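Participant: Chain G is fixed; fit chains H, D and P onto it per the hints.
Residue numbers (the working numbering), protein chains in the order written: chain G, 1 to 287; chain H, 1 to 287; chain D, 1 to 287; chain P, 1 to 287.
These aren't lab readings, by the way, just hints derived from the structure by calculation. Honestly, I wouldn't trust all of these hints.
Claimed, not checked - Quick list of in silico lysine to aspartate or glutamate cross-link-like pairs, EDC-like style, CA-CA up to 16 angstroms:
#: 1; chain 1: P; residue 1: K99; chain 2: P; residue 2: D129
#: 2; chain 1: G; residue 1: K203; chain 2: G; residue 2: E232
#: 3; chain 1: H; residue 1: K47; chain 2: G; residue 2: D37
#: 4; chain 1: D; residue 1: K151; chain 2: D; residue 2: E181
#: 5; chain 1: D; residue 1: K255; chain 2: G; residue 2: E115
#: 6; chain 1: G; residue 1: K83; chain 2: G; residue 2: E232
#: 7; chain 1: D; residue 1: K99; chain 2: D; residue 2: E128
#: 8; chain 1: H; residue 1: K47; chain 2: H; residue 2: E72
#: 9; chain 1: H; residue 1: K83; chain 2: H; residue 2: E72
#: 10; chain 1: G; residue 1: K99; chain 2: G; residue 2: E128
#: 11; chain 1: P; residue 1: K255; chain 2: H; residue 2: E115
#: 12; chain 1: G; residue 1: K47; chain 2: H; residue 2: D37
#: 13; chain 1: G; residue 1: K91; chain 2: G; residue 2: D168
#: 14; chain 1: G; residue 1: K203; chain 2: G; residue 2: D231
#: 15; chain 1: P; residue 1: K47; chain 2: D; residue 2: D37
#: 16; chain 1: G; residue 1: K255; chain 2: D; residue 2: E72
#: 17; chain 1: P; residue 1: K89; chain 2: P; residue 2: D119
#: 18; chain 1: H; residue 1: K255; chain 2: P; residue 2: E115
#: 19; chain 1: G; residue 1: K83; chain 2: G; residue 2: D61
#: 20; chain 1: H; residue 1: K151; chain 2: H; residue 2: E165
#: 21; chain 1: P; residue 1: K91; chain 2: P; residue 2: D168
#: 22; chain 1: H; residue 1: K83; chain 2: H; residue 2: D274
#: 23; chain 1: D; residue 1: K83; chain 2: D; residue 2: E65
#: 24; chain 1: D; residue 1: K47; chain 2: P; residue 2: E115
What the hints assert, rightly or not - Far from chain P, by Cβ distances over 10 angstroms, these chain D residues were calculated:
#: 25; residue: N6
#: 26; residue: L35
#: 27; residue: E44
#: 28; residue: Q68
#: 29; residue: S98
#: 30; residue: H111
#: 31; residue: E128
#: 32; residue: R131
#: 33; residue: F133
#: 34; residue: F137
#: 35; residue: I139
#: 36; residue: P148
#: 37; residue: E181
#: 38; residue: G204
#: 39; residue: L272
#: 40; residue: R287
Predicted, not measured: the structure shown is a model, and the values here were computed from it. The beta carbon of each residue, even a glycine, is placed where N, CA and C say it ideally should be.
4 protein chains.
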Amino acid sequence: MSSPNNRATLLISCPDRRGLVAAISGLLSEHRINLIDAQQHTDEIEKQFFYRVYFDMSDMDVSREQLQQLLEIECGRFNMNWKLSFADKRKRVAIFVSKYEHCIYDLLLRHRMGELDCDIPLVISNHEDLRGFSEGFGIPYHVFPITPENKEAQEAREIELIRSENIDLIVMARYMQILSENMIATFPQQIINIHHSTLPAFKGAKPYHQAHDRGVKLVGATAHYATTDLDEGPILAQGVAECTHADSVDDLIRKGRDIERVTLANAVRAHLADRIIVAGRRTIIFR
Amino acid sequence: MSSPNNRATLLISCPDRRGLVAAISGLLSEHRINLIDAQQHTDEIEKQFFYRVYFDMSDMDVSREQLQQLLEIECGRFNMNWKLSFADKRKRVAIFVSKYEHCIYDLLLRHRMGELDCDIPLVISNHEDLRGFSEGFGIPYHVFPITPENKEAQEAREIELIRSENIDLIVMARYMQILSENMIATFPQQIINIHHSTLPAFKGAKPYHQAHDRGVKLVGATAHYATTDLDEGPILAQGVAECTHADSVDDLIRKGRDIERVTLANAVRAHLADRIIVAGRRTIIFR
Amino acid sequence: MSSPNNRATLLISCPDRRGLVAAISGLLSEHRINLIDAQQHTDEIEKQFFYRVYFDMSDMDVSREQLQQLLEIECGRFNMNWKLSFADKRKRVAIFVSKYEHCIYDLLLRHRMGELDCDIPLVISNHEDLRGFSEGFGIPYHVFPITPENKEAQEAREIELIRSENIDLIVMARYMQILSENMIATFPQQIINIHHSTLPAFKGAKPYHQAHDRGVKLVGATAHYATTDLDEGPILAQGVAECTHADSVDDLIRKGRDIERVTLANAVRAHLADRIIVAGRRTIIFR
Amino acid sequence: MSSPNNRATLLISCPDRRGLVAAISGLLSEHRINLIDAQQHTDEIEKQFFYRVYFDMSDMDVSREQLQQLLEIECGRFNMNWKLSFADKRKRVAIFVSKYEHCIYDLLLRHRMGELDCDIPLVISNHEDLRGFSEGFGIPYHVFPITPENKEAQEAREIELIRSENIDLIVMARYMQILSENMIATFPQQIINIHHSTLPAFKGAKPYHQAHDRGVKLVGATAHYATTDLDEGPILAQGVAECTHADSVDDLIRKGRDIERVTLANAVRAHLADRIIVAGRRTIIFR
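Bound conformation, chain G alone (with noise of 0.2 angstroms):
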């Protein structure tokens, strides 16, 4: 019988060729596989292909490894990078904060109010701010101050913790501390950052403060997979809202929090649901 439970998510890329299509639909309906959605995206300069499919296995006539197996030497035939994700292993995510608190909460209540399909076993944060925040939704809240000098050390126990909680995704909910390189080069694509400007507009630090000056008329925020070159990583998702002369430096920020919730709820749930293959420094986000 269908359920939510039976189902899963592949996402490809490849060089693109003819019957790429033909060859994975034809290999999941041969085993009674039912496509319930399913996306291909052809970039034509690059001569790349994207496929996602979402599929419903209540019929499988294999296992699941059976399935893997048999994806694993089609998908090699193709030069296929591969990606098959069961609905029912939901995904495990961690939250870094700092000091903010509209981020983390409004991913908090999204995910009680079931909008985000994930667990969240833990939060870290360098401060202690947002420890009643994060324990009122029962979730375990872990400090670990970040000074120059412990920096490395400190990472290191964070990579352990985030480890040993098989963690597939964190996402730095305004998270005031950059990221050393070798923690990004750890968890590659599996970061989330939100910066609150429309990048590549005023990269670093009190984008908000930058905008004021400049007199913009539109202020945003932008999520992006973290990479080891600041601001600079693919964009996952942006939003706008617009700002007269009236507003402050402190009514840019307030109207900006209001955009960076939901610019990074919107891109932890593609993330989440599977819709996201990187390609260089852009991103194929499947609708």
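Facilitator: Just chains H, D and P now, with coordinates in the frame of chain G:
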């Protein structure tokens, strides 16, 4: 060799079952057709399957007629409604106008700039006013004045003209006459209208006056296929703009014009690119 | 010395005539009051004058009581409706909820972050569900279960409680009961409701279901003052989000929640800052 | 009797102090002038006062020349920068274009529909391409081909022409030449340019290519006064549109055109209605 002229779009809808994507993509790739873009949507409540495939026929090993025969057979097996459109057979569009110039102007300008992949062999109006516009773009302008007495006869002449020109799509660019049931039934899902409100709000006459009277903070527009139920046709696109207490009815009309233009153009472009499938009162619009 | 606590807002509406701004600004500056922000709107059709002045009283040479007497006299000369609010007298807000948590949550979080300049001394509900939320923010939670039989008596108790707490504004944060005419008449222009559609579209029950059935491409929300005509009160704020054929009713509900939160907060903030004047079915909202 | 032709707009900026609104509104009402719309903004950080008054002179008991003398005296007392514009003295606009047609087309169409309250006595271009467009609207088209060698001389001729035509505003409707410092200095805050990105992102050449390369999810446009610092002038209006991985550079250009048109028109309309005051790099734009 690959060329935009060797391409086609296939639209399919049918009751959902296993193997539909595999069957279609298998047939296409078997005949050396390369899929550029494919999108599937399944309505899990109505158990309906919707599919759009855009593909390249440069290496196809059968003729176009043979392809159609093969699809006839394969789609028949699955009770599929299907429609195949060749990119090099440009659609032919007739624009209906009355006195407002902004929508026709916008369409003709977009056409000139290459945004609308179609031919526009004629404009039909019930008034002389926009003859200059139309002929300035080199498009014949046909006037059929409408009175209650002559409406049936005039529409009969319009239908004859439209048929003789092999028109695929009629765009009502603020045409201020209600089409008869006969006219609408003659061109099912081939007539796009723009209504100047976000339907179902403010149906009928003078929606901007209604909106001003109600004191709304958003005005908008809706493009939809014309049906015999006035303002009730399947919605294709909607847009809004903010307004305030300071906006007079004339300001709402002005702001609305910008929304009408973009909304109508979006709907026309989706139709021309064979991205639309109508399902009851709803539309599937593949992006 | 200038301080936010020495400030006040004056709202005025009256029939238009010459000299109104001069009279008011003259009176204020004569008494060493400094205007920070002043906005006038004239409805040239209805011949009505609307004015909002936000000013600093740090150097004022009369007492607040004397200022009120002077305004009483001056505004009387011009048949002005006027309302003076002192910034250091924070408004008191009661939140009404049922079971949906997103709106109350959003309001309480904004309040904690300093976005809402008010006190929130109580939450009233017809259900126990959100007691934890409310009390977690330190706000007393009062439950008045409503049945057809006890509605009148329970509302009488609610009114008594609201009065005893000197409440200035009632915010219906998705409160799922229709208030009686008596209740609404008791607090004119003091009750803000959020309706989950862009009124006048989809009045009444289950607007997201109605929207899905109609196949719209935009969903939205409307904040308005409650009046005895259900969903017909003066509109304060509206917002929309795009949707597609792929959105289920649950998706519309999810997208709508984000719009409801922001739209409701915008309306509440405008009310708290004394930016709203109601004129018939319309609202003047100074920015 | 009241008439749009008996109206005027007064723009004022000066150091903030008490009594400014009272002084100006008192002077105006003393001479039987009726205020239609008045808006004040105080920059509390820079201690600057900004004021816009739109008023009716139908019953004014002095001549226009006397009004100007009275303002000269009164504004002098407060060190006010002031500018008075009479509604019946329509501003004169010159449009600069190169080869892209969408912006000029949009402006000319809006002008014809009565959206732009100005005269457009000439179009200046460095190419012949759009002569037909321009002359089709009855507007003389002047071509000044630009080479590195002749640029100074050609600009001198352009300046002479602009002066001889008493031009108040130059609109660069995607004019693809960088104006010289001399040209810009000759018409301070009288040249509006449209840049096809949300500045400060993607300054310089080919912003849509830059945006595609960076993989952004929003493209936009910025209208600003031209200054000798390229793409650094005070921002007047900004707009954005969503984009996805499926959008090619050509798609971004197409989406951007719609934003450019609306953004440029908004800026031009604000300038024509005397709603703009420049304060350093920022703009106060009264609505």
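Participant: Hint by hint, note whether the structure agrees.
Facilitator: Here's how the hints hold up against the structure:
Distance restraint check for K99/P and D129/P: the Cα-Cα separation of roughly 6 angstroms lies within the 16 angstroms cut-off, and the hinted pair is therefore satisfied. At roughly 9 angstroms between alpha-carbon atoms, K203/G and E232/G fall within 16 angstroms of each other, so this suggested pair holds. Taking the CA atoms of K47/H and D37/G, the gap is near 13 angstroms; set against the 16 angstroms cutoff, the hint holds. The straight-line distance between the Cα atoms of K151/D and E181/D is roughly 12 angstroms, inside the 16 angstroms bound, and the hint therefore holds.
Annotation: proposed proximity of K255/D to E115/G holds, straight-line Cα distance about 10 angstroms (limit 16 angstroms). Using a Cα cut-off of 16 angstroms, the hinted pair K83/G and E232/G is violated, with the two alpha carbons roughly 25 angstroms apart. In summary, the hint linking K99/D to E128/D is supported, as the alpha carbons are separated by about 8 angstroms, within the 16 angstroms threshold. With a C-alpha separation of about 22 angstroms, the suggested pair K47/H and E72/H falls outside the 16 angstroms cut-off, and the hint is violated.
The straight-line distance between the Cα atoms of K83/H and E72/H is roughly 10 angstroms, inside the 16 angstroms bound, and the hint therefore holds. Proximity of K99/G to E128/G is assessed by CA-CA distance (about 8 angstroms); at most 16 angstroms being required, the pair is judged to hold. Taking the CA atoms of K255/P and E115/H, the gap is about 10 angstroms. The hint holds against a cut of 16 angstroms. For the given pair, K47/G sits about 13 angstroms from D37/H by alpha-carbon distance, which is consistent with the 16 angstroms threshold.
The hinted pair formed by K91/G and D168/G meets the criterion: a straight-line CA distance of about 6 angstroms does not exceed 16 angstroms. Taking the CA atoms of K203/G and D231/G, the gap is about 6 angstroms. The hint holds against a cut of 16 angstroms. A threshold of 16 angstroms between alpha carbons decides the hint, and for K47/P with D37/D the separation of about 13 angstroms falls inside it, so the pair holds. Taking the CA atoms of K255/G and E72/D, the gap is about 37 angstroms. The hint is violated against a cut of 16 angstroms.
Using a Cα cut-off of 16 angstroms, the hinted pair K89/P and D119/P holds, with the two alpha carbons roughly 10 angstroms apart. Between K255/H and E115/P, the direct Cα distance comes to roughly 10 angstroms. Compliance with the 16 angstroms bound is thereby established for this hinted pair. Proposed proximity of K83/G and D61/G is contradicted: the alpha carbons are some 21 angstroms apart, above 16 angstroms. At most 16 angstroms may separate the alpha-carbon atoms for a hinted pair to count; K151/H and E165/H exceed this at roughly 21 angstroms.
Restraint check: the Cα-Cα separation between K91/P and D168/P comes to about 6 angstroms, which is no more than 16 angstroms; the hinted pair holds. The straight-line distance between the Cα atoms of K83/H and D274/H is roughly 9 angstroms, inside the 16 angstroms bound, and the hint therefore holds. A hinted pair counts as satisfied when its Cα atoms are at most 16 angstroms apart, and K83/D with E65/D qualifies at roughly 14 angstroms. Of the pairs offered as hints, the one joining K47/D and E115/P is violated, with about 24 angstroms between alpha carbons and a cut-off of 16 angstroms exceeded.
Every beta carbon of chain P lies more than 10 angstroms from that of N6/D, the smallest distance being close to 13 angstroms; the non-interface claim holds. Against chain P, the non-interface label of L35/D is violated: not every CB pair exceeds 10 angstroms, the least being about 5 angstroms. With 10 angstroms as the threshold on Cβ separation, the claim that E44/D sits away from chain P is violated: the shortest Cβ distance comes to roughly 7 angstroms. The beta carbon of Q68/D sits about 19 angstroms from the closest Cβ of chain P, which is more than 10 angstroms, so the claim that it is off the interface holds.
Its beta-carbon lying about 34 angstroms from the closest one in chain P, S98/D satisfies the requirement of being farther than 10 angstroms from that chain. H111/D, annotated as away from the interface, keeps every beta carbon of chain P farther than 10 angstroms; the closest lies near 24 angstroms. Chain P leaves E128/D outside its interface by the beta-carbon criterion, the shortest separation being 42 angstroms against a cut-off of 10 angstroms. Look at R131/D: its CB is around 40 angstroms from the nearest CB on chain P, clear of 10 angstroms, so calling it non-interface holds up.
The claim that F133/D lies off the interface holds: its Cβ sits roughly 33 angstroms from the closest Cβ of chain P, which is beyond the 10 angstroms cut-off. Non-interface status of F137/D relative to chain P is upheld: no Cβ of that chain comes within 10 angstroms, the nearest being about 31 angstroms off. Every beta carbon of chain P lies more than 10 angstroms from that of I139/D, the smallest distance being close to 33 angstroms; the non-interface claim holds. For P148/D, the non-interface assignment is confirmed: its Cβ lies about 47 angstroms from the closest Cβ of chain P, beyond the 10 angstroms cut-off.
For E181/D, the requirement that its beta carbon stay farther than 10 angstroms from each beta carbon of chain P is met, with the minimum near 37 angstroms. At roughly 32 angstroms, the least C-beta separation between G204/D and chain P is larger than 10 angstroms, which holds for a residue marked as non-interface. Non-interface status of L272/D relative to chain P is upheld: no Cβ of that chain comes within 10 angstroms, the nearest being about 20 angstroms off. The claim that R287/D lies off the interface is violated: its Cβ sits roughly 7 angstroms from the closest Cβ of chain P, which falls inside the 10 angstroms cut-off.
Of the numbered hints stated above, those contradicted by the structure are hints 6, 8, 16, 19, 20, 24, 26, 27, 40, listed in ascending order.
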